[in-house]
Amino acid sequence: MKPVGKLIIIGGAVNKGSFSETDYDQNVEKNLNFFERGILRKIITESKNKENSIIEVVTTASQIPQIVGAEYKKAFEFLGAKNVNILDIHNREEANSDAIVARANAADVVMFTGGDQLRLTSILGGTRFHDAILLKYQEQDFIYSGTSAGAAAASENMIYQGSSSEALLKGEIKTTQGLGLIDNVIVDTHFVQRGRIGRLFQAVVNNPRTLGIGLGEDTGLFIHNDIMTAVGSGLVIIVDGRFIKDTNLTNINLGEPISIDNLTVHVMSMNDHYDLTTRKLTIENSQFNPIPQT
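Under our numbering, the letters of the sequence shown match residues 11 to 304, in that order.
Bear in mind the hints are in silico, worked out from the structure with no lab data behind them.
Mixed in with the good hints there might be a few duds.
[Unchecked claim] List of simulated lysine-lysine pairs, DSBU-like, C-alpha gap at most 30 angstroms:
#1 Lys-52 with Lys-84
#2 Lys-184 with Lys-290
#3 Lys-290 with Lys-58
#4 Lys-255 with Lys-180
#5 Lys-52 with Lys-12
#6 Lys-290 with Lys-52
#7 Lys-290 with Lys-255
#8 Lys-60 with Lys-84
#9 Lys-92 with Lys-52
#10 Lys-92 with Lys-60
#11 Lys-83 with Lys-52
#12 Lys-84 with Lys-58
#13 Lys-83 with Lys-58
#14 Lys-12 with Lys-84
#15 Lys-60 with Lys-83
#16 Lys-58 with Lys-12
#17 Lys-255 with Lys-184
#18 Lys-92 with Lys-58
#19 Lys-12 with Lys-290
Quantities reported herein were computed from a predicted structural model and do not represent experimental measurements.
Take the sequences, apply the hints, and build the full model.
Listed below in structure tokens is the structure:
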């Protein structure tokens, strides 16, 4: 059964340092400039009660949650949101508490900030808070949104480590279980700017059923009813491994280069649609669309 809820996952903003967000906190004000591109506005307009929606900003992934949370709160309120709260969950005991679960159950939107996605999943994974979010997403008009770490953690499996330069050497990326809101995909962030396409290639060749999604900075995906729509100013890369013909993956040692024959790659920009059921891309501004008669 398709979830009733919606996902809005964002690749991050400009100049954010390494994959573990080492300078995210130091440059948080600059890193929120991408809100002007309309992604935060999309979250508000798609939410159940629009500007009156209850928005919980989860700062667990960040090392300085007070500063990061305040910036998100300010940005949402600038766009007219009236009920924005900061939810800084420090440990698993808090994530299992009645008070935190009650806030999750009352929320229309939960927004997960950037930081370290392994910190996010290790603190929240399998808790009552996590269960409440999953249930709301399945059964209610509810939005899960995440940027950078929050986006990477949304899928069933997630990349949490691996250099871009050595990404197509066997064993050079590390994956683990994410928060599980969307199955059979894996998400990488800060994708175009940090040259991470090799990481996504390896993640997909390891299990070709998995669809790779690479989110560029200032760019996101709105996902509802198995349709993904690109939002923001940059690019989304889709890697489909179903038609791989051959690879050397199982015949090479760790650290050796991987060969792949017939990997399918799509590139999406703003307002393009990708159907997760049919795995078909529709380019909104296609040069081959019929020209209207005047």
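Consistency of the hints with the structure:
As the CA atoms of Lys-52 and Lys-84 are separated by approximately 16 angstroms, the hinted pair is consistent with the 30 angstroms bound. At roughly 29 angstroms between alpha-carbon atoms, Lys-184 and Lys-290 fall within 30 angstroms of each other, so this suggested pair holds. Restraint check for Lys-290 and Lys-58: the C-alpha separation of about 29 angstroms stays at or below 30 angstroms, so the hint holds. The hinted pair formed by Lys-255 and Lys-180 meets the criterion: a straight-line CA distance of about 18 angstroms does not exceed 30 angstroms.
Between the alpha carbons of Lys-52 and Lys-12 the distance comes to roughly 21 angstroms, so the proposed pair stays at or under 30 angstroms and holds. A distance of roughly 23 angstroms separates the Cα atoms of Lys-290 and Lys-52; the hinted pair therefore holds under the 30 angstroms criterion. For the hint linking Lys-290 to Lys-255, the alpha-carbon distance of about 20 angstroms falls within 30 angstroms, and the restraint holds. Between Lys-60 and Lys-84, the direct Cα distance comes to roughly 17 angstroms. Compliance with the 30 angstroms bound is thereby established for this hinted pair.
Distance check on the hinted pair: Lys-92 and Lys-52 sit about 16 angstroms apart at the alpha-carbon level, within 30 angstroms; holds. At roughly 9 angstroms between alpha-carbon atoms, Lys-92 and Lys-60 fall within 30 angstroms of each other, so this suggested pair holds. A C-alpha spacing of about 16 angstroms is found between Lys-83 and Lys-52, which places the hinted pair at or below 30 angstroms, so the restraint holds. Annotation: proposed proximity of Lys-84 to Lys-58 holds, straight-line Cα distance about 20 angstroms (limit 30 angstroms).
For the proposed pair Lys-83 and Lys-58, the alpha carbon gap of about 18 angstroms is at most 30 angstroms, so the pair holds. At roughly 33 angstroms between alpha-carbon atoms, Lys-12 and Lys-84 are farther apart than 30 angstroms, so this suggested pair is violated. Only pairs whose Cα atoms come within 30 angstroms are accepted, and Lys-60 paired with Lys-83 is accepted, the gap being roughly 15 angstroms. A threshold of 30 angstroms between alpha carbons decides the hint, and for Lys-58 with Lys-12 the separation of about 18 angstroms falls inside it, so the pair holds.
Using a Cα cut-off of 30 angstroms, the hinted pair Lys-255 and Lys-184 holds, with the two alpha carbons roughly 24 angstroms apart. Only pairs whose Cα atoms come within 30 angstroms are accepted, and Lys-92 paired with Lys-58 is accepted, the gap being roughly 13 angstroms. For the hint pairing Lys-12 with Lys-290, the CA-to-CA distance comes to about 18 angstroms; that is within 30 angstroms, so the pair holds.
The structure does not agree with numbered hint 14 stated previously, though it agrees with all others.
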